[in-house]
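**Q** These are the residues of each chain, in order.
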Amino acid sequence: MVGAFEFAPAIAALPFVSFLVALFVGRFMPKKGALAGITATGGSLLLSLWVYLAVLTSGDPHVEIVHTLIGVTDPFSLELGILIDQLSALMLLIVSLISFLVFVFSLGYMNDEGETGLPRYYAGLSLFSFSMLAFVMASNLFMAFMFFELVGLCSYLLIGFWFRADAPPSAAKKAFLVTRFGDYFFLIGVVGVLGTFGTAAFAGDGSFPVLAEQALAGEAAGINTFGFDPQTWFTILGLLVLGGVMGKSAQFPLHTWLPDAMEGPTPVSALIHAATMVAAGVYLVARMYGFYALSPTALAIIAFVGGFTALFAATMGVVKREIKQVLAYSTISQYGYMMLALGVGGYVAGVFHLTTHAMFKALLFLGAGAVIVAMHHNEDMWKMGGLKERLPVTYYTFLAGSLALAGIIPFAGFWSKDEVLFEALLRGMDNPIFLVAYAMGLIGVFFTGLYTFRMVFLTFHGEPRTTIAEDPHHFGWNMKFPMVVLGVLATVVGLINMTPVAELTGAHIEFLHIWFEHGGETLTVEHYGALLEQWAGYGAVDASTALVLGSGAVSLLLALAGAGAAHVLYNVPDPDEHTDKLGSIKTVLFNNYYQDEYQVWLAEGLTANVARGADTFDQGIIDGAVNGVSSVSLFLGDRARRLQTGVVTNYAALLTLGLVVLLVAVGILGGWFV
Amino acid sequence: MVPSQYYLVLSAAVFCIGLFGILTRRNALVFLMSVELMLNAANINLVAFSVQNGNLTGQVFSLFTIATAAAEVAVGIGIILVLYRNFNDVDVTTATTMRW
Amino acid sequence: MMIELLLGVCLVGGLAVFLLPDRYSARLSFGISLLPILASSYMYATFDGVGNALLEGSTLAFETRVNWLSVGPYELFYHVGLDGVSMPLIVLTTILTTLAILSAWTPIDERKSQFYGLMLLMEASLIGVFAALDFFVWFVFWEAVLIPMYFLIGVWGGPRRKYAAIKFFVYTNVASLVMFVGFFLLVFGLGDSVQSLGLPAIAGALSAPGAVGSVGGLSPNAVKTAAFFLMFAGFAVKVPVVPVHTWLPDAHVEAPTPVSVILAGVLLKMGTYALLRFNFTLLPEIAQQYALVLVAFAIVSVIYGALLALAQQDLKRIVAYSSVSSMGYVILGLVAFTLYGLGGATFQMISHGLISGLLFLCVGVVYNTTHTRMVGDMSGLAERMPITAGAIVAGSFAYMGLPLMSGFVAEFLVFSGSFAADFAYAPVFTAVAMFGIVIVAGYYLFAMQRTLFGEFSVSTDYEITRAAVHDVVPLVVLIVLIIALGSAPEIVFGMIEDAVRPMTELTTTQQADAGPAGMLGLGVSLLGGVLL
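Residue numbers (the working numbering), protein chains in the order written: chain Y, 1122 to 1795; chain R, 2 to 101; chain E, 1303 to 1834.
These aren't lab readings, by the way, just hints derived from the structure by calculation. The structure presented is a predicted model; accordingly, all values stated were derived computationally and were not measured. Treat the hints loosely; a few may be bogus.
[To be verified] A short, non-exhaustive set of chain E residues, derived as facing chain Y with CB atoms under 10 Å:
(1) V1368
(2) L1612
(3) G1645
(4) A1684
(5) F1755
[What the hints assert, rightly or not] Below, simulated SDA-like cross-link-like pairs (lysine to any residue); rule was C-alpha separation at most 20 Å, straight line:
(6) Y:K1152 to Y:T1237
(7) Y:K1702 to Y:V1689
(8) E:K1464 to Y:L1755
(9) E:K1464 to Y:S1752
(10) E:K1464 to Y:G1745
(11) Y:K1509 to Y:N1712
(12) E:K1464 to Y:S1754
(13) Y:K1707 to Y:P1696
(14) Y:K1509 to Y:A1421
(15) Y:K1702 to Y:Q1720
(16) Y:K1702 to Y:N1712
(17) Y:K1509 to Y:V1689
(18) E:K1464 to Y:I1589
(19) Y:K1509 to Y:Q1740
(20) E:K1464 to Y:Q1740
(21) Y:K1509 to Y:D1592
(22) Y:K1504 to Y:R1586
(23) Y:K1509 to Y:H1595
(24) Y:K1601 to Y:T1612
(25) E:K1464 to E:F1453
(26) E:K1464 to Y:V1750
(27) Y:K1504 to Y:H1595
(28) E:K1464 to Y:D1744
(29) Y:K1601 to Y:L1156
Where is the CB? At the ideal position from N, CA and C, for every residue including glycine.
Take these sequences, add in the hints, and give me the full structure.
**A** Right under this line is the structure:
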């Protein structure tokens, strides 16, 4: 099975090939590059599966340098490598699976709808898969940054796919710019890590998390902390990298790009939200968890930002009219939960939620895409209603996804969200900051249930509110197949880690925990636990069975309460917009707490004005000085030439005068007149 | 022997007369004559110093100056002729086109 | 003999094109300009230089050293040769000249033979600048570049071409004078210890302690400092460093596209190349002593240049000001005086040459079809000119430092080099300079959104069609080169590293004594200042 690792680079390389194929010969192909993409991501999926099994049997991480960018050894070299361990093998599987399904879905969503520019679309999609797969496999932080940026490029190209309209290019620009702002900090972090440790490798004895740990223990020499106390400096570095994470994973306050990114084609949204761009941020935190575990401050900030984002985004999701907008805010909120989990030391919980979320969010987006196709590209939920009978496959799969999203037992989201909240509660019991974060996450569960079922009821239940909804457009297997696959997964994937059941029965069925207990010495969950305990002061808390069950029961009850509220308010034949009753609060929510406004003001109002001021200064003062020098010279020349009268007598007089002056001067200097 | 100072005073006087002529007269011919006076003032100096120093360098040099002055007069007369042809006058202040 | 061959081909070819009738000149000059590419590629492949040309222990490639004439106490040599810094720049020059000539086929329709002849003469001068190792020879070529450039802007330029050409010429010529004074101050300070103006000899003499004596009442240290800053001022105009940058946008806007390509792609590199050769190799201790001043210039260039680019409406001005910003990174890398700082700065010269060349070519193609360069005058060009639009997107992202393109490698190296530099607060200054990557993204994204995307419209009445093949080929070539250098930077970085590593040994290591609190405070206040 170890032979699988030899083919690991091909997991990323295959989509790259299909990118080239789609870009250059896609227009001559029957499905305009879709088949190349499906083949490539299908191949990646199979290879990922093989690699996964290889990791399962061998257990040890596989590290390999694939390509050397800068081969200088002093001060450090820059390399592209692959690191296959439990985390990346799992993530590869998720990414290639979702990519593959999105390609298949695109056949229905794009090809069957007669879109133009399909080679460009499939090229972008392939490049997106390539970048994300390479990012997941990255063996060092430098490479991770490179592909992080490429992921940003792909999102730019795909969000702006319909470039003839005004909104998509603008949304694409915003997505790139906001994430770029985060990446600015990330880049400083990468440069800082390389400057500090002389390496950016994630795994191995000489990797930077290990070196950092040794530095804290006072064992490592040759680590330049630029005059800071090591722990302070590592916190700074961690927070700098976190800037990139917050940009890509759309955490407050850099979340504003994500709702706008809904301007892209819906399959792209599914890819961005479930498996690629947004997941990249959280994945990065998990990837270098051995480094974050050394810094309690960084962890607290991660947890608090995560908890806040989870609640903050969920409240906005309640008032949105478009189906994709609701999903966008739910994505922000769900990634908040993952950050919360990672911040409170729940490494497995965070990755678990990342996994389940990938399944049900991809499903929900594909379902929304199906609804949008059925509705002839109308996204307003108030124009829908009653689609349940007309689109049964979509309805049942979408319902499975919604139950998972809301966290209703036994769907996937319940298990993972429950574990996230449980970990937060554990940590909250000895630190009030985490308790606040936990409380915010818990309230967020109620709103999640509310907005999710508001969306389901408005879309599928009740009476059709428009003629289009009465007779929706039908679509083929290529859209139903991915939804069914994901529907099944969204239902059952939570079973890999049923902590409350394990607690009750005592059976060892927490497969994800077991999975992460194996692998490289410095990459296991035990090692992270030890680091957390030693450096972040996350002592082991005794978790009684009652606490486990109680925590699960509370979150389930809240989710049910949210869903119930939605049922009361919206599961009627002709629902009203109850959120109108919120009055001015609704306005605030509808305008996203005016987050966009101030950021647009920062970008356009402030920066553009400063730039104009600088331009005026440049043209007026600096260039003015340059032109001033030439004007003064010209002016003086103009004056001086007036001596040239053309009258010979004047010249003679001047000559004489000059002679006299000269004589007098010589006389004075020579002392003739003394 | 007459002391050199007397020659120098004479030379200065001739030079100043020539200079005065140049500064006050407008007729080109008078101009030319004034220039000749100034040149000859220089010649007087040269010859005077030659005598004082007891060698012939200054006298030889003054011969050169005289020859140059002759050539200069030839050119000067030519210029005056052209001036007259173009401006119908030999007044040096009327020809002011060669400025700026 | 290879360098002489290069120079000879360009000079003879240039003269031949100059004299032949217009109808042959475009194709002929293109053909002729392929020869230097062949020659320089061959030289590149067989390059066997070791070390830095000016420093001890180096072996120059393709060296020629002939006694030329004597002036006063100085022996002047015709001395040319290449090391790892100059070799890639020569290849860049030959490639960009050919592409510029190709891109001139469409827009240049009068006095063709003179135009192409001057382009080839300029190529010869530029190669000479990068190859010369004797100050006298170098200065001849340095000044010779100005003459074809002056005519190329002044004759074939836009409406304000005379203003731009004169401004360019006077500005850079005065700068040359200042630099000249600085250099000779240094030479006079060296006194009898040098008998030639060869740069290696001068570098060797300077490396001896106490080599510089006092000149005209200035103490030896003052002589060195004055020489350093006079030369810096002179070269800064060429780079250009804020605040002596204002000739650049005018020259770019008025120059025809092919000339802009050479101007941004190669001419600006003369300034940074000379800074590397003169200031930073000859007087490293002064460079270190005043590192903070130089870093301030670098940061102001990066941030202020980027802000200016943000305010522009003319696509050419945007690219011009972003060049100011990018060249600031080169200064930053040079000042850092670490391997990655110096190497990254050199890499950035190559990379920026390709990327700015690409963007100017793109703007040229757009202008040839739409006859406007104003951002507000067009939108949705991607609809009608898909390949050009793709090239603009590629070029813009390359400028933003997208990974796997050369700009990323260059900027990353510069940043890591200066982050670990010895001067005080190096990480903070680096972080502030890095904010340029956000602003650069801002203005290119805005410009792309408004010109390429949205509904198609052009305010000038011209038929918008796909660009001609000979317009598109240079774009494709440059994109391929940018990606090649970005994904396999070792192609040139190995050579560069070999040449700049000796320079890092010139520095006397002094640990920065920056307290953490001061560092944080400075960082926050600087970044705050920048953001405001």
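**Q** Please go over all the hints and tell whether each is borne out by the structure.
**A** Each hint tested on the structure:
| no. | hint | result |
| --- | --- | --- |
| 1 | V1368 | violated (36 Å) |
| 2 | L1612 | holds (4 Å) |
| 3 | G1645 | holds (8 Å) |
| 4 | A1684 | holds (6 Å) |
| 5 | F1755 | holds (4 Å) |
| 6 | Y:K1152 to Y:T1237 | holds (12 Å) |
| 7 | Y:K1702 to Y:V1689 | holds (15 Å) |
| 8 | E:K1464 to Y:L1755 | holds (16 Å) |
| 9 | E:K1464 to Y:S1752 | holds (15 Å) |
| 10 | E:K1464 to Y:G1745 | holds (18 Å) |
| 11 | Y:K1509 to Y:N1712 | violated (30 Å) |
| 12 | E:K1464 to Y:S1754 | holds (18 Å) |
| 13 | Y:K1707 to Y:P1696 | holds (17 Å) |
| 14 | Y:K1509 to Y:A1421 | violated (44 Å) |
| 15 | Y:K1702 to Y:Q1720 | violated (29 Å) |
| 16 | Y:K1702 to Y:N1712 | holds (16 Å) |
| 17 | Y:K1509 to Y:V1689 | holds (18 Å) |
| 18 | E:K1464 to Y:I1589 | violated (65 Å) |
| 19 | Y:K1509 to Y:Q1740 | violated (64 Å) |
| 20 | E:K1464 to Y:Q1740 | holds (18 Å) |
| 21 | Y:K1509 to Y:D1592 | holds (12 Å) |
| 22 | Y:K1504 to Y:R1586 | holds (5 Å) |
| 23 | Y:K1509 to Y:H1595 | holds (13 Å) |
| 24 | Y:K1601 to Y:T1612 | holds (16 Å) |
| 25 | E:K1464 to E:F1453 | holds (9 Å) |
| 26 | E:K1464 to Y:V1750 | holds (17 Å) |
| 27 | Y:K1504 to Y:H1595 | holds (17 Å) |
| 28 | E:K1464 to Y:D1744 | holds (17 Å) |
| 29 | Y:K1601 to Y:L1156 | holds (18 Å) |
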